[in-house]
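Chemist: My request is simple: use the sequences and hints to build the entire structure.
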Amino acid sequence: MSSTSANIAAQNEQAIAAPKMNAWRRFEESKGFSLALLTPILIFFVALNIIPVLWMVGLGFYEYSLMSPAPPEFIGL
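To get the working numbering, take the position in the sequence shown, counting from 1, and add 59.
Each hint should be verified, as a subset may be incorrect.
Derived DEER-like restraints, expressed as beta-carbon distance ranges [what the hints assert, rightly or not]:
{"no.": "1", "residue 1": "Glu132", "residue 2": "Ser89", "range": "47 to 57 Å"}
{"no.": "2", "residue 1": "Glu132", "residue 2": "Trp83", "range": "32 to 42 Å"}
{"no.": "3", "residue 1": "Thr98", "residue 2": "Ser124", "range": "30 to 40 Å"}
These are calculated hints, taken from the structure and not from any lab test.
For every residue, glycine included, the Cβ atom is placed at its ideal position computed from N, Cα and C.
Modeler: Structure, rendered in structure tokens:
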């Protein structure tokens, strides 16, 4: 009886090897993968939202009319 319990204890003490991860799986689980997926949408967000807002803030300091042929005149704050 002691031999079977010792045998079972020896089997339980053996470590189970984790499956090896290939390079793609390691990349998928890293932060680099999430950043790679977020980068294109962040570029579009900046191009379509942030740049026009900053452009309008800059134009707010000028007297500017599309109907007038005169160049924009800086009026300040």
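Chemist: For the hint 32 to 42 Å, verify it against the beta carbon of Glu132 and that of Trp83.
Modeler: Violated, since Glu132 and Trp83 (Cβ atoms, about 58 Å apart) do not stay within the stated range.
Chemist: 30 to 40 Å was suggested as the range; check whether the CB atoms of Thr98 and Ser124 agree with it.
Modeler: At 39 Å between Cβs, range holds.
Chemist: Between Glu132 and Ser89, does the C-beta distance stay in 47 to 57 Å?
Modeler: holds, 53 Å
In summary, the structure is inconsistent with hint 2 from the numbered list given earlier, while agreeing with all the others.
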